[in-house]
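2 protein chains.
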Amino acid sequence: MKTLKVALLGCGNVGAQVARILLTDAEVLADRAGATLELTGIAVRNIGAKRDVEVPADLFTTDAEALIDESDIVIELLGGMEPASSLIRRALSRGASVITGNKALLAAQGGELNALAFENNAQLRYEAAVAGAIPILRPIMDSLSGDKITKVMGIVNGTTNFILDAMDSTGAQFDDVLKEAQDLGYAEADPTADVGGHDAASKAAILASLAFHTDFAFEDVHCEGITKITAADVAAAKDAGMVIKLLAIAERSEAGIGVRVHPTLLRRTHPLAAVHGAFNAVFVEAENAGELMFYGAGAGGAPTASAVMGDTVAVARRMASGGPLPAISAQQPVKVMDFCDITTSYWIGLEVNDEPGVLASIAQIFASNGVSIETLRQDSNPESNAGTAELLLVTHRSTEKALAATLAAVADLAAIKEVTSVLRVEGN
Amino acid sequence: MKTLKVALLGCGNVGAQVARILLTDAEVLADRAGATLELTGIAVRNIGAKRDVEVPADLFTTDAEALIDESDIVIELLGGMEPASSLIRRALSRGASVITGNKALLAAQGGELNALAFENNAQLRYEAAVAGAIPILRPIMDSLSGDKITKVMGIVNGTTNFILDAMDSTGAQFDDVLKEAQDLGYAEADPTADVGGHDAASKAAILASLAFHTDFAFEDVHCEGITKITAADVAAAKDAGMVIKLLAIAERSEAGIGVRVHPTLLRRTHPLAAVHGAFNAVFVEAENAGELMFYGAGAGGAPTASAVMGDTVAVARRMASGGPLPAISAQQPVKVMDFCDITTSYWIGLEVNDEPGVLASIAQIFASNGVSIETLRQDSNPESNAGTAELLLVTHRSTEKALAATLAAVADLAAIKEVTSVLRVEGN
Ligand SMILES: NC(=O)c1ccc[n+]([C@@H]2O[C@H](COP(=O)([O-])OP(=O)(O)OC[C@H]3O[C@@H](n4cnc5c(N)ncnc54)[C@H](OP(=O)(O)O)[C@@H]3O)[C@@H](O)[C@H]2O)c1
Ligand SMILES: NC(=O)c1ccc[n+]([C@@H]2O[C@H](COP(=O)([O-])OP(=O)(O)OC[C@H]3O[C@@H](n4cnc5c(N)ncnc54)[C@H](OP(=O)(O)O)[C@@H]3O)[C@@H](O)[C@H]2O)c1
Chain X
1 MKTLKVALLG CGNVGAQVAR ILLTDAEVLA DRAGATLELT GIAVRNIGAK RDVEVPADLF
61 TTDAEALIDE SDIVIELLGG MEPASSLIRR ALSRGASVIT GNKALLAAQG GELNALAFEN
121 NAQLRYEAAV AGAIPILRPI MDSLSGDKIT KVMGIVNGTT NFILDAMDST GAQFDDVLKE
181 AQDLGYAEAD PTADVGGHDA ASKAAILASL AFHTDFAFED VHCEGITKIT AADVAAAKDA
241 GMVIKLLAIA ERSEAGIGVR VHPTLLRRTH PLAAVHGAFN AVFVEAENAG ELMFYGAGAG
301 GAPTASAVMG DTVAVARRMA SGGPLPAISA QQPVKVMDFC DITTSYWIGL EVNDEPGVLA
361 SIAQIFASNG VSIETLRQDS NPESNAGTAE LLLVTHRSTE KALAATLAAV ADLAAIKEVT
421 SVLRVEGN
Chain W
1 MKTLKVALLG CGNVGAQVAR ILLTDAEVLA DRAGATLELT GIAVRNIGAK RDVEVPADLF
61 TTDAEALIDE SDIVIELLGG MEPASSLIRR ALSRGASVIT GNKALLAAQG GELNALAFEN
121 NAQLRYEAAV AGAIPILRPI MDSLSGDKIT KVMGIVNGTT NFILDAMDST GAQFDDVLKE
181 AQDLGYAEAD PTADVGGHDA ASKAAILASL AFHTDFAFED VHCEGITKIT AADVAAAKDA
241 GMVIKLLAIA ERSEAGIGVR VHPTLLRRTH PLAAVHGAFN AVFVEAENAG ELMFYGAGAG
301 GAPTASAVMG DTVAVARRMA SGGPLPAISA QQPVKVMDFC DITTSYWIGL EVNDEPGVLA
361 SIAQIFASNG VSIETLRQDS NPESNAGTAE LLLVTHRSTE KALAATLAAV ADLAAIKEVT
421 SVLRVEGN
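Keeping their order, the protein sequence lines are chains X and W. Mapping of the first sequence onto full-length UniProt numbering: residues 1 to 428, in sequence order. Mapping of the second sequence onto full-length UniProt numbering: residues 1 to 428, in sequence order.
These are computed hints drawn from the structure, not numbers from a lab. Please note that a few of the clues may not be correct.
Identical chains share a label here; the pair holds if one copy fits it or two copies do between them.
[To be verified] Capping the alpha-carbon separation at 25 Å, the derived lysine-lysine pairs in DSS-like fashion look like this:
#, residue 1, residue 2
1, K148, K2
2, K148, K5
3, K148, K335
4, K5, K238
5, K417, K401
6, K401, K148
7, K417, K238
8, K335, K401
9, K179, K2
Given the sequences, and given the hints that come with them, work out the whole structure.
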């Protein structure tokens, strides 16, 4: 049986679990790959650091380049842009195949790295980069290769789902739940990348690129986080039989492909609404397959390592059998839509003076901007706000542009006291 | 670009949709496969029959064998054992690759057919055979190839899920819901294969074979259907925060691998509990990945055709790139467990005389058989049954053997009027 030399870059949360699996499950892996996977070294910053798993000390090195230059397969689990990018390029340029879970790097340089792999007849795989353990990239690329994907909607960030789910079940405010999530280890000390939606936006770019056979980067993704979601928003949604989730959405329409991350209202009967805690799930719509959903752990050392190892076995299998790479589907030239052209439904909360004619003026503004109203609910306010009423409108799908114009005109009405919330609605 | 000749056997629910996709999406398919897929003919029984899709009349033939002998890829969508089995063998023996959705055939002859494909350096794929459109076989084989699956639990039959879901939401009896399902086209005129659990058992054998790298046949699967589930069972489950689903379960333990299909109680918070109507879903537990779920349409012409086409593109891609087959993982010799050795939890309803000492005798019997009780609830019966009480017990996991002995001894107690229900509980 052929032996393939595997270099591991990084021995942190994920890297340590990959090392463990390579060392303890060697026999099973060899059987499945048709080749022996020999872990030849682990590049880290601090050789002496205490590790989560037992690894022979002589495997550690700080010379990642030398390690790469002796390897057939390189598993990059350092994170960050540099040195990860240079090291991956070094490996691919040598014709070594690379497995990585580095979503930030892929969202920035995925197109270039894929091209470099292709030029060098090397394989580049990154199932772990989106939704951790959940097999989602391969089903999109392979299982759905005979179908046409029309939409992908994913809960792809565990931290924000944990926070929104806790707000939903306890009624607490964002800040309090964030603090609890930090105490429990579900949110980082600096939570910006998660709660600002940037981590989800990286994953949205990767998902959209594969689903639509093209190349989206982080900048192509419209991104809004969850920091402005209030307990009142969550309660109002609950009241209407809905739940707020941070979704990464990529959708094809005649006008092009729009990719966005924002808090989104979903009916509680939608399959994504049942995704609780830090779990992830990706919902896919395809012309023939209809609606599919893939659910599981979106992060964590061992789950993410499972995805890394699935890629590693696949890469090794192909190396062992000596076959050429499969034909890569031509990159389709696509129109990346401007955010203002994207269509969705909107949930709009207004505080208005409770006087005759207000409703008519509001309805008139919506109509003249071509935004049609699906449902409208009016509640008189409790005594503290006597003389005012709360309006809750849900619109049919319309463009962001039309919505913005509508809201601007509505805000100008003398009878409007405040636009209390504007949220997008999907799966309606 | 290489041209591959594709023979389609069958033009029914699924075959017609496959023909449509091959004819209308030829360009996209060629791009993704790296080869042109030329539909060279469609074998049917009745050439003149009216079809669901527009197909050039000269493609139809009744001579399946001649068609196969001129083809690179054969898509079998006839159903049934013969002539499907002989035709698939004919194709594989010639070195043509085969895609099929024929679960009954695979559950009976999967091991042989896979071996025949391997001997002839041909590919055999059957994603459509389990859970229709849902990519499940490939994720199990490929994405999880670096992990060890410990358990698979699937809702893999849409008819029975539709019936159980309707019983749950309406409180109606099995017979009434079955009739409604037949009227709506969700159940066949002869529903035996579905409600008896046999269709699910075929799929359980296929899932277990792939998840555990071995070869299970239909006969290895313990199979119970849903015909004995009453409205009272469903209501009692609901009352306890649970729901009854027909599950195909394959589980690895130290004693071997057990494969079974039976009505199963699940907590309503379990991801499988949220699978409504005729939808399917497969829940997978793996050592590193943890819990995963795959959800979607389990049947229907277009969804099933999507899975068939995914396989077809994969097969064509490999043919176009000229590579050898990937190494097939060695079949692991495994111990198929006797059903009596399988462990699960049980939900047991008893009607007893409401007299002192009954509870103690029952508890004593459970204890002496080594079946430990997790929860127990006693309700006095309404006046119609004065003097009797209802007991509801849920046990910890124990073997079928121990449970059978326990029930036999309990039934012998003079104070027991009736064992009103025995159901298995999972995901507890
Ligand atoms: N954690 C998850 O659940 C998860 C999920 C999906 C994807 N990912 C992705 O997986 C990657 C790794 O994540 P992680 O959580 O395992 O990270 P981590 O715990 O921070 O580990 C990073 C590892 O890389 C090493 N390293 C960092 N910079 C280095 C340098 N310049 N030279 C040599 N070694 C260096 C560190 O060495 P020392 O130990 O010596 O400091 C450490 O072992 C990231 O791209 C992340 O986005 C993670
Ligand atoms: N339907 C689903 O949703 C679904 C889902 C998953 C898997 N599957 C599997 O897919 C397969 C096809 O199912 P289906 O629902 O499409 O079946 P179907 O509607 O009954 O169609 C069967 C087709 O095969 C042809 N045929 C049958 N026996 C033949 C023979 N001896 N010689 C030539 N042609 C013959 C029939 O020809 P005529 O039209 O001339 O009678 C018909 O076109 C089955 O194995 C089924 O289990 C189906």
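Self-check item: Violating hint indices (sorted, rising)
Solution: 4, 6, 9
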